[in-house]
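Trainee: One-letter residues, chain by chain:
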Amino acid sequence: NAGVTQTPKFRVLKTGQSMTLLCAQDMNHEYMYWYRQDPGMGLRLIHYSVGEGTTAKGEVPDGYNVSRLKKQNFLLGLESAAPSQTSVYFCASSYGSHTGELFFGEGSRLTVL
Amino acid sequence: EDKVVQSPLSLVVHEGDTVTLNCSYEVTNFRSLLWYKQEKKAPTFLFMLTSSGIEKKSGRLSSILDKKELFSILNITATQTGDSAIYLCAVEAGWGADGLTFGKGTHLIIQP
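For the protein sequence lines, the chains are A and B, in the order given.
The opening residue of the first sequence carries number 99 in my numbering; numbering runs sequentially from there.
The opening residue of the second sequence carries number 864 in my numbering; numbering runs sequentially from there.
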């Protein structure tokens, strides 16, 4: 019963390096989200997708790109990592809008040196 | 800009105490308010509230929404050490599908 799976779970990068976080869900959900969580800041929305082939910006999109080529996968990319992007990243999915509840992955801890 | 404010930000109580966590919001086109519990990893869903005055209950946890005064409370009675966690309040609002707006969370510590 996988639900929402994120890879990798931990990563250390040097400033300027690039990387991609992968989120996969097996619940046939239409909507997928990427959040970041920083101490004292709560969860903030980076980008989201309302279906295969669509993406949209959230509250804090700068420095990130996303792609949703397949319904079950949502990728978050950092083209040139910065120390300010050190955070814990959570992927989430939901069946649709107006349903409220999000299902979260277990998080990916990224450190940028 | 949508805003969700939780209080207190942290709370330390003894096992057996009752706690009340607060969440106020200012959003456009409110749809629902949700509570999540976050222990070490992913937030897990507790309650979704859409109507004023109707209490949702699950064991020792309960929650209620006041849409006139724009707040919700989460009550935990007879607290146990396993209740120690960050409790997140989130609001679904607007007209699109842009997810939830989260508060900063209340870090609850239950001491034996």
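By construction, these hints were calculated from the structure, which means they are not laboratory data.
Mixed in with the good hints, there may be bad ones.
To be verified - Below 30 Å or equal to it, Euclidean Cα-Cα: the simulated DSS-like pairs (lysine-lysine) are:
id, chain 1, residue 1, chain 2, residue 2
1, A, K112, B, K930
2, A, K107, B, K931
3, B, K900, A, K155
4, A, K169, A, K107
Unchecked claim - Sample of chain B residues facing chain A (criterion: CB under 10 Å; computed from the structure):
id, residue
5, Y899
6, A905
7, G968
8, I972
Note that CB positions come from ideal geometry on N, CA and C, so glycine has one too.
Trainee: Does each hint fit the structure? Answer for all of them.
Mentor: Against the structure, the hints come out as follows:
| no. | hint | verdict |
| --- | --- | --- |
| 1 | A:K112 <-> B:K930 | 47 Å, violated |
| 2 | A:K107 <-> B:K931 | 42 Å, violated |
| 3 | B:K900 <-> A:K155 | 26 Å, holds |
| 4 | A:K169 <-> A:K107 | 22 Å, holds |
| 5 | Y899 | 8 Å, holds |
| 6 | A905 | 4 Å, holds |
| 7 | G968 | 6 Å, holds |
| 8 | I972 | 16 Å, violated |
Going down the numbered hints, you'll see the structure goes against 1, 2 and 8, while the others check out.
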